[in-house]
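**Student:** What follows is each chain in one-letter form.
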Amino acid sequence: MSFVDELDAWPRERVAALYDNVTETEVLSAIGREERTLRDLAALLSPAARPHLERMAREAQRLTRWHFGRTIGLYAPIYFSNLCAADCLYCGFAVCSGVKDERVTLTDDQIEAECTALKNMGYDSVLLLTGEAPKVVPPAHIARAVAISRRHFSSVSVEVYSMDEADYTLLCESGLEGVTLYQETYDRELYSEVHPRGLKRDYAYRVDTLERAGKAGVRKLTLGALLGLFDWRLDLIWTAMHARYLQKHCWRSSVAVSFPRLRHTPPRFRVDFPMSDAELVQAILAMRLFLPEAGFNLSTRECGDFRDRVMSLGITSMSAGSSTRPGGYVTKGEEVLEQFEVEDTRSPEEVVAMIRRAGYDPVWKDFDRAFHG
Amino acid sequence: MQSIQKDDALVIAGRRFGSRLMIGTGKFPSAQALRDAIEQSGAEIVTVALRRVDLSAPEAQGIMSAIDPKRQLILPNTSGARDADEAVRLARLARAAGMEPWIKLELTPEPRYLLPDPVETLRAAEILVKDGFVVLPYIQADPMLAKRLEEIGTATVMPLGAPIGSNRGLRTRDMIRIIIEQSNVPVVVDAGLGAPSHAAESMELGADAVLVNTALADARDAGTMAKAFAMAVEAGRMAWRAGLGPERGEAEASSPLTGFLVEK
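Those protein sequence lines, which keep their order, are chains A and B. This note's numbering applies: residue 542 is where the first sequence begins, and numbers increase by one. This note's numbering applies: residue 50 is where the second sequence begins, and numbers increase by one.
Hint data in this document are derived by calculation from the structure and do not stem from the laboratory. Glycine is no exception: its CB is placed at the ideal position from the N, C-alpha and C atoms. Don't take each hint at face value.
[To be verified] Partner residues aside, some chain A positions facing chain B, computed with beta carbon under 10 Å: (1) 607; (2) 611; (3) 682; (4) 746; (5) 905.
Model the full structure from these sequences, guided by the hints.
**Tutor:** Here it is in structure tokens:
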């Protein structure tokens, strides 16, 4: 029994039925309850909750402050390869995306240089990213990148392709703290449509990735759906179920949720389920009410003004000053393919100043390398 | 608050402290808010999560900048550790970096409720006590575990009132009462105290000290809340020393009904 079996019991129609006949009274009692059911979550995500965003925001802020205090964690991504054999229709890295920019994999020295640049900006927590090219960038290569980064930073996480449990064990031995892996969409049918080739086609293998990582000892598991790919009201219910599943089955790992909104896509892809700012806010608030203790991330995909306003409503961790191209901090220029265009282009100092102005304490370090052997 | 009577100092591992309120340093909105809380509480023991500080280069604006080591004992804690080995490594690292060999053991492998793991806590305490540390373990309100830790040689026991950060108060009251009754080391109620009345209740019960964090960090005015807690701790302590009358289920008339039965 794994999460994919649980998902089989919750097909599209059954999740959609959670939204049937949601009343305003249900929305209000979902806001007021101490523990919330999936039906409550659906009520909070439903159009019926829209007139009550302010009440939801107050409760979301209260719960976030209660669990995390007035602190915001800071991290930066390091893209160390943009080679990709997958062909996710919505992604700039996809092999057939039609984009001609340069494909590179950083050497160890170049990774070292990126680390030094980020360390000088004050970072102590990084997320290493690659495309899906396990033949060119195998798990052992990723483990080496983790080991290099770990010499500079207390906390190193990866957002790479889905791997076996033994691979995650190897990464943990190299000093890994967390794994981020988005399911993109939990809807089987659409998943199959937008992932026409590569390892990523295997829906079940991807769904169960974070559980394999947790079993291997990964301490922080970050999940999310790519918002805009499918009906976000359904994908967020599945995301919440996945988070609860991981909390029960990988009880030693903390579970966090990201809210990546699909914005910049290659010309061949059309966003069929665009999500407005108000809808993203509603999504974050509803998810906070359902998962009060989960870390929530908001990246530089979102613009500065929006991030500033949403930060105190449930977010616990933010990236800043990010580059989404390999070598983007020092070694490589604009000829190299980036995954997506960063919307919030402010420097880390500017973001830190904003966090302080909002009455929050920016947290650079929240992990210690002594936790590893 | 410096007014606790001199003969009523809190003594831990032979060291005397004038305040019975300890402060945790997570979750504060700024170093200034934390500084206010420490200042106004008069706390002399301030605990710091080692995972939050860079021992090789303490930040100018970070947690450590809010603490005055001449007035407060910095009590490093192992929060974030999932097993005894990790906690022991952290403790030794802190000592090697020049901190005093005091350690607040926090072994909370489950990140959702952050409840302490009794098995790993006992194991880590054994290693660290033998290694010469003054060990203050954060534990579930389990009287047997408290006795076992005391036998190993921990300097205190620190049972939780409710889950960390929950502000729920003394939910484990009955077990804490037993721990206090049986303990030969100071009992510090740690975690879950959300209001000064909870702190007073703990002290009235006979706890030797309390530790608070979230209740201060979360307050609109951390300094004033810290002062309120300090006053509550002192009031609770005074009441315990003065000897509280027993609770009764019904009223007791001050003019007794059987007063006419006077023996001749």
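**Student:** Now tell me, hint by hint, if it's right for this structure.
**Tutor:** Hints and how they fare:
A cut of 10 Å between beta carbons decides the hint on residue 607 of chain A: the least distance to chain B is about 6 Å, and the hint holds. Interface hint at residue 611 of chain A: satisfied, since its Cβ lies 4 Å from the closest Cβ of chain B, which is below the 10 Å cut-off. This hint is violated: residue 682 of chain A has a C-beta 27 Å from the nearest C-beta of chain B, more than the 10 Å allowed. Taking 10 Å as the C-beta cut-off, the interface hint given for residue 746 of chain A is violated, the closest approach to chain B being about 26 Å.
Below 10 Å, beta-carbon pairs count as interface contacts, and residue 905 of chain A has one with chain B at about 8 Å; its hint therefore holds.
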